[in-house]
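Top to bottom, those sequences are chains A and B. Quick note on the numbering used here: the first sequence kicks off at 1 and runs consecutively. Quick note on the numbering used here: the second sequence kicks off at 465 and runs consecutively.
Accuracy of the hints is not assured; some may be wrong.
[Unchecked claim] Derived EDC-like pairs (lysine to aspartate or glutamate); straight-line CA-CA distance at most 20 angstroms:
# : chain 1 : residue 1 : chain 2 : residue 2
1 : B       : Lys886    : A       : Glu315
2 : B       : Lys727    : B       : Glu770
3 : B       : Lys748    : B       : Glu779
4 : A       : Lys235    : B       : Asp603
5 : A       : Lys284    : A       : Glu315
6 : A       : Lys422    : B       : Glu666
Hint data in this document are derived by calculation from the structure and do not stem from the laboratory.
Number of protein chains: 2
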Amino acid sequence: MAWPENVGIVALDIYLPNTYVDQVELEEFDGASKGKYTIGLGQTKMGFSSDREDIQSICLNAVQRLIDKTKIGYDRIGHLQVGTETIIDKSKSVKTCLMQLFEESGNHDVEGLDTTNACYGGTAALFNAISWIESSAWDGRYALVVAGDIAVYASGSARPTGGCGAVAMLIGPNAPLVFDRGLRGSFFSHAYDFYKPDLKSEFPVVDGKLSIQCYLQALDNCYRIYCNKFEAQAKKAGKKEKVTVDTFDAFCFHAPYCKLVQKSFARLYYNDLLHVPVDDIPSKFSGLENFRSMKPEETYFNRELEQAFMGLSKEDYEKKIKPSLHVSTNNGNMYTASLYGCLVSLLTSQTSKELAGQRVALFSYGSGLASTFYSLTIRGGEILDKLVSSLNNVRPEMEARVKVSPTDFAATLQLREDNCHKAPYVPAGNLEYLRPGTWYLKSIDDMYRRTYDRIPVQQNGLVQ
Amino acid sequence: MAWPENVGIVALDIYLPNTYVDQVELEEFDGASKGKYTIGLGQTKMGFSSDREDIQSICLNAVQRLIDKTKIGYDRIGHLQVGTETIIDKSKSVKTCLMQLFEESGNHDVEGLDTTNACYGGTAALFNAISWIESSAWDGRYALVVAGDIAVYASGSARPTGGCGAVAMLIGPNAPLVFDRGLRGSFFSHAYDFYKPDLKSEFPVVDGKLSIQCYLQALDNCYRIYCNKFEAQAKKAGKKEKVTVDTFDAFCFHAPYCKLVQKSFARLYYNDLLHVPVDDIPSKFSGLENFRSMKPEETYFNRELEQAFMGLSKEDYEKKIKPSLHVSTNNGNMYTASLYGCLVSLLTSQTSKELAGQRVALFSYGSGLASTFYSLTIRGGEILDKLVSSLNNVRPEMEARVKVSPTDFAATLQLREDNCHKAPYVPAGNLEYLRPGTWYLKSIDDMYRRTYDRIPVQQNGLVQ
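Turn these sequences into a full structure, and let the hints guide you.
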């Protein structure tokens, strides 16, 4: 049997917490130098949630929003995968909690589980979902992928790189965002750059310098493998094509913080320079030829190299990367959801007419480490219009969030950490901060069983 | 493009700990009534490991054994999925630790992560691997699936249902064990029957009665959906076929303890009785017709019903189920690996000539809950001979394990629990109990980083 045509993202939606802390205020509160978070990291606001939200309520919200908007019945979903590293149970998956939403439809025949490795879980979930649709197990229904996380750090230098949120994606054929087939370059390795071995805590252990090196090394390798596959595919079709940054109209990168994405984008130029024959170096690289002879291990923290390629890529950065960083800049890192938050940002940055026909490169990175460079092509038409217009509320909703003072933010994170995995427990967080229709954690009983409730949905200005 | 032919298990191997406790001795030690564990649960021996083994070393061992035996190079694997609920890190996957074995081959382009939901993780990993091979992402290489767990319980009634081990499976086309396409009945729901919300501990929280009810309810539903799909597929091919227990030559069931499997097998007969027209009830059900009118919720703990169908299925149980229970009986539960340990048991119970042509039903259950009833067909020939003979060492190796007294077993479990997730830590377990070639946990440093070492491999009776 043939694979279905144009498999990709049919619809998607994002759930972000309704509270944020301002990074300028946080710099001051933390006694950090002015601009350390806003310029040094490239972050403006950071979304966070109280103990009223856990990974399950966040994913419930992302799915509820997507299904409400698309009006796709729960019986039309045959596969559900969750990517997360916000673990609240070693055994029970978030996926089974989401099955509560399917209850009314009577649909229990829904394969798929949670997939885990740091920020890469959403991508693995997505790839599994795509494969299912192309496999003999596919029964014509949609696959649903949810990537979500709560990113919180102990107070200190990593804290401003937190964030929170989830993205739900409906995967199927005839999609407006079509994954390019056979074009994935992956790099997996054993590393202890960022991990969460203290199971009592929500906070990770981070080797900051190693983490940056791992990210850049993974990007180098993934990009190289992607290029080789792309060029082999072209050759097979009788074409001689070479991949460079120019091959793509836009880029979405996993964004631990925006500045790293900018540096990484610059690194693609460095990679492009490495992979042209010496007699064929384009003029745009003139003056940079010497960097070709550096050993890879010397390049990761070389300021001169970094500055040179940051300069070279500056204009393209504004055009091809910045549109994808709106959520990251204004909400922070969402781990597994970060890359797909970038995709949402891109899709809310332009009209569907402008987006149609663009080829988008995506780089997914999860510490530990797991990474893939892949691509999709945006198909214009009514389905794209529909997808883009369904995201109209994302930016206004972000604008309307509640700003919380750094003092209250720190107190909230302390409340979370003190009560993380505690049972029995009744959350203390303020319900008034939650938007109408939001699922939240009601209580945890003495058997650690979690129950959720929902803020009433407003309709025509009235609470239902 | 067409899907490759005969996708299934090309090769598999099992890793079990080299120490066990005798269930008769454990009954006495625990002051339990004679036969409570051996007859009541159907368990004979229980494998366990000291703090020298963790989930990563166990999976390293399963993969190492399989790759050594098959002589498949690590560069010929393009996808690696791990199913486990033995979580030692919230973020870093076991899969990335296994990438150490790939290091020498230089192959880092290996997609796949860990999948989690109780004992079902191995099955989800397997389904993801099959889908990958049938998808546009497949590049002709093998997929590797590892299911492994350490099943330990707090002292009390659940403790004798522990166990430990991992199964590694090589998935590809032209396999001797071929998955029947389009034939999977799945049932997923939200339940708190068995889960692990106390992240500081290795022990689960169990609602024993609910767990049995969930298992049986899942089986009923999965079997019904499987039958419907099977019959629809037959109808499409112009045949009128009805699925009953007679459709299958053998059954492998997830085995929390062997007695539950026996009861569950009997329940398939009850299901068969429910789904024949009233005028068409086969004579084998005579005297049992009244059970048709019972409400489902009344059936799960009805002794009369249980005994009636246990009696009816007794002969078939010996023939079709018991051969698959060797590992479960003599090693205990291995959570995600349990079902695939049953498959190994089946394959080591008969000659390849006897196995050829058999249709095997598999029922995977993970609390929380996730479950699927599916099937495979055994293809005879040289590849089957090779697969079966590669498992020749499994039963002799199990026989040769070291028996440990219940006192030492209890002390070992206490040692594990006291030091679970501790850092820095140097394990205290006796290395002499480990077989030559075994990977083990050497130490955990103050950054929680784990390092592993290997017992020297014996060759010709000499340690290398």
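Verification of the supplied hints:
The suggested pairing of Lys886(B) with Glu315(A) is violated, with an alpha-carbon distance near 49 angstroms, which exceeds 20 angstroms. Using a Cα cut-off of 20 angstroms, the hinted pair Lys727(B) and Glu770(B) holds, with the two alpha carbons roughly 7 angstroms apart. The straight-line distance between the Cα atoms of Lys748(B) and Glu779(B) is roughly 13 angstroms, inside the 20 angstroms bound, and the hint therefore holds. For the given pair, Lys235(A) sits about 16 angstroms from Asp603(B) by alpha-carbon distance, which is consistent with the 20 angstroms threshold.
Of the supplied pair hints, the one linking Lys284(A) and Glu315(A) holds, its CA atoms being roughly 13 angstroms apart against a limit of 20 angstroms. With a C-alpha separation of about 16 angstroms, the suggested pairing of Lys422(A) with Glu666(B) holds against the 20 angstroms cut-off.
Against the hints set out earlier in the document, a violation occurs for number 1 only.
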